[in-house]
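Fit chains F and Y to the supplied structure of chain G, relying on the hints for placement.
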Amino acid sequence: MSKNLKLGTNVVIHEGVSFGENVTVSDFCVIHPNVVIGDNVFIGNFSIIGEPTAEYYRNPDYKNPQTKIGSHSIIRSHSIIYADVQIGNYFESGHRITIRTKTLIGEHSKIGTLCDLQGESQIGNYVRLHGHVEIGEKSNIKDFVWIFSSVVLTNDPTPPSNIIQGVTVNKFAVIACGSIIMPRVTIGEDALVGALSLVRNDVPKEMVVAGNPAKEIGSVRDIKNKFTGEQVYPWRYTFKRGMPWEADGYEKWEKSLKSGS
Amino acid sequence: MSKNLKLGTNVVIHEGVSFGENVTVSDFCVIHPNVVIGDNVFIGNFSIIGEPTAEYYRNPDYKNPQTKIGSHSIIRSHSIIYADVQIGNYFESGHRITIRTKTLIGEHSKIGTLCDLQGESQIGNYVRLHGHVEIGEKSNIKDFVWIFSSVVLTNDPTPPSNIIQGVTVNKFAVIACGSIIMPRVTIGEDALVGALSLVRNDVPKEMVVAGNPAKEIGSVRDIKNKFTGEQVYPWRYTFKRGMPWEADGYEKWEKSLKSGS
Amino acid sequence: MSKNLKLGTNVVIHEGVSFGENVTVSDFCVIHPNVVIGDNVFIGNFSIIGEPTAEYYRNPDYKNPQTKIGSHSIIRSHSIIYADVQIGNYFESGHRITIRTKTLIGEHSKIGTLCDLQGESQIGNYVRLHGHVEIGEKSNIKDFVWIFSSVVLTNDPTPPSNIIQGVTVNKFAVIACGSIIMPRVTIGEDALVGALSLVRNDVPKEMVVAGNPAKEIGSVRDIKNKFTGEQVYPWRYTFKRGMPWEADGYEKWEKSLKSGS
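Here the protein sequences line up with chains G, F and Y, keeping their order. Mapping to our numbering: the first sequence position 29 is 35, numbers consecutive. Mapping to our numbering: the second sequence position 83 is 89, numbers consecutive. Mapping to our numbering: the third sequence position 3 is 9, numbers consecutive.
Worth flagging that the hints you see were computed from the coordinates, not collected in a lab. Remember, it's a predicted structure, so these values are computed and weren't measured experimentally. Keep in mind that the hints are not guaranteed to be accurate.
A pair counts as met if it fits within one copy or between any two copies, since identical chains are not told apart.
[To be verified] List time: in silico DSSO-like cross-link candidates among lysine-lysine, alpha-carbon distance up to 30 Å:
1) K177 x K258
2) K246 x K12
3) K144 x K232
4) K108 x K232
5) K258 x K9
6) K230 x K144
7) K148 x K177
8) K177 x K230
Extracted from the complex, chain G is given alone in its bound form (with noise of 0.2 Å):
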């Protein structure tokens, strides 16, 4: 058995379930089979973890694929992950997510209360979802991006059909509270979507749109914090809390990814 595994009252562990050392189980979780989960891995009450897919429901011959959560991970209460999930190391959820199968999440990524990842993603290292995103199936959110409340990146150009195109987010991309990203558009590195806006086409990098349907309003470079009258933007030069630069600052960092030490 493993190290140190603490389970709460009433857990349900299926056959198959591995276990890394210092994992907690919180009470009334339900464990499906097939599911690694790493060290120090907390698990917040009423979650579930491998829920079978939606062929659970039509093949008595099912298996539950394999799921996998990072160790150093924490999932908060009344959260479901579903099979076929691979989420890495240092995780974080806030409550009642959602993540629907084939989602893969990178490392160190946190993800808020009540978001909905529909399935069939790719989220990188480094992205923050705040409260109530949903991600449309197909869609493809690089390392470091940001993601704000109630925000949904579509996928179907003319709903109801047959055609899934997911939104790209490229690194370092902000996306405000609210808005809705069309099908197929890419977000630029670097670029700002304002709060509540409709974006029907690509943003280049490091442009600020904004409006319902978005305009492009300029660069982000020009975005002065209000108090010091400081360039905000890029945000990687001014905000470092939970980055990998967080000790010495980005430029710092980014020498010692180039020169490998």
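Here is chains F and Y on its own, set in the frame of chain G:
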């Protein structure tokens, strides 16, 4: 007892619950009194069926009214279905749906994760609600309607007031992500509401509206598939997955209906 | 022990929990240490009261701070109330609410299904939040405010940053569905924010604003009931359900307050 009833661990079944054949009630569910469940129904973990109405909290003689779940239905985990809800056969839900009292749902309808149906509403057959759709009281949604993520159907023209005037959505209409439909509005048959629209006026049959506030843009018949150049709407001629015309197409199906064959 | 405590099946009660008289804790609830629950409180299934704060995951000596739930409160199922939350008497919630730490809520307030209160905020008395309202940290919501579905109160002027500047909503103000209020904005007393508005500037007392971005439209006093032609706002003179002036009307109640009777 009912044939082939599969109860998970720690299931709470109150008095006067009736099960059809081959029903599965997953771990940690609560089934309140006077619930009637059809054949081949699946109920996911942490769900509540027959949740007592508001009267329960003030009437010591409260008796739970009857709740009906049609045969061949799948209700996914963490869902709440109130007492005095009637759901037809072949219903399917995502996770964490809430259906309040006096909601009537037809057959073959599907309701996505986080949907909140606030009661006293009618939902037809083959309706599709995607994730987190909010249906205010006194809404009337006809057959074959599609409503996409984060749409809200409102009902109070001068909030807060005691007036409740629900929205009507006619057959085959489509409402895209994030739109808000104001009280008393009727969306016409085969109409299309674009994403993130604020709809304050009735939408004529086959009309496209979009914007904040929404304006009439043209006929749905003018929308082309970007790849094939073909006409997309009315969608019943171009889309059939899960529809009763899936085998032979809409025209044949309609003819067979009319001829009574 | 407390008088007439009704515990459902499989309830987990940690140490140092105090119950008033006539409390009901429904099946499958978790009550964490140091929770104080008043008289006549009802807690629905699958709820967590006193959820440990983020410090719990990093501090081995963590002790749960005190959580208070006022008397005569109803907390519906699947809800999560964090440690160090204080809720006044006659609170009522829908299902699946999340209230994060350091939220103070007055008396007689109601919070709808799926609301997400992100902590460090103040909510007054007789406040009404409908479904899925998201209240960012450092929000300040005064007495008698109504906020409708899917509204977001934001707090970061240049996301991501370390600046948190919450929204203030003054007494009797109304915010309609789907609106987003930008950081540091103050909504004036008796003001009305139309549906799906993006509010970037302060809203004066009794002003109507609407649109994306929101513009000033006129006085709330000019809005008429479409049926009766009567003036609707300020709503305290036309609406009384559940309000302290329910019996005699606002004017009499206000006079009685002033005379201290």
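Report task. May I ask which of the numbered hints given earlier this structure violates, with the numbers listed in increasing order? Result -> 2 and 5
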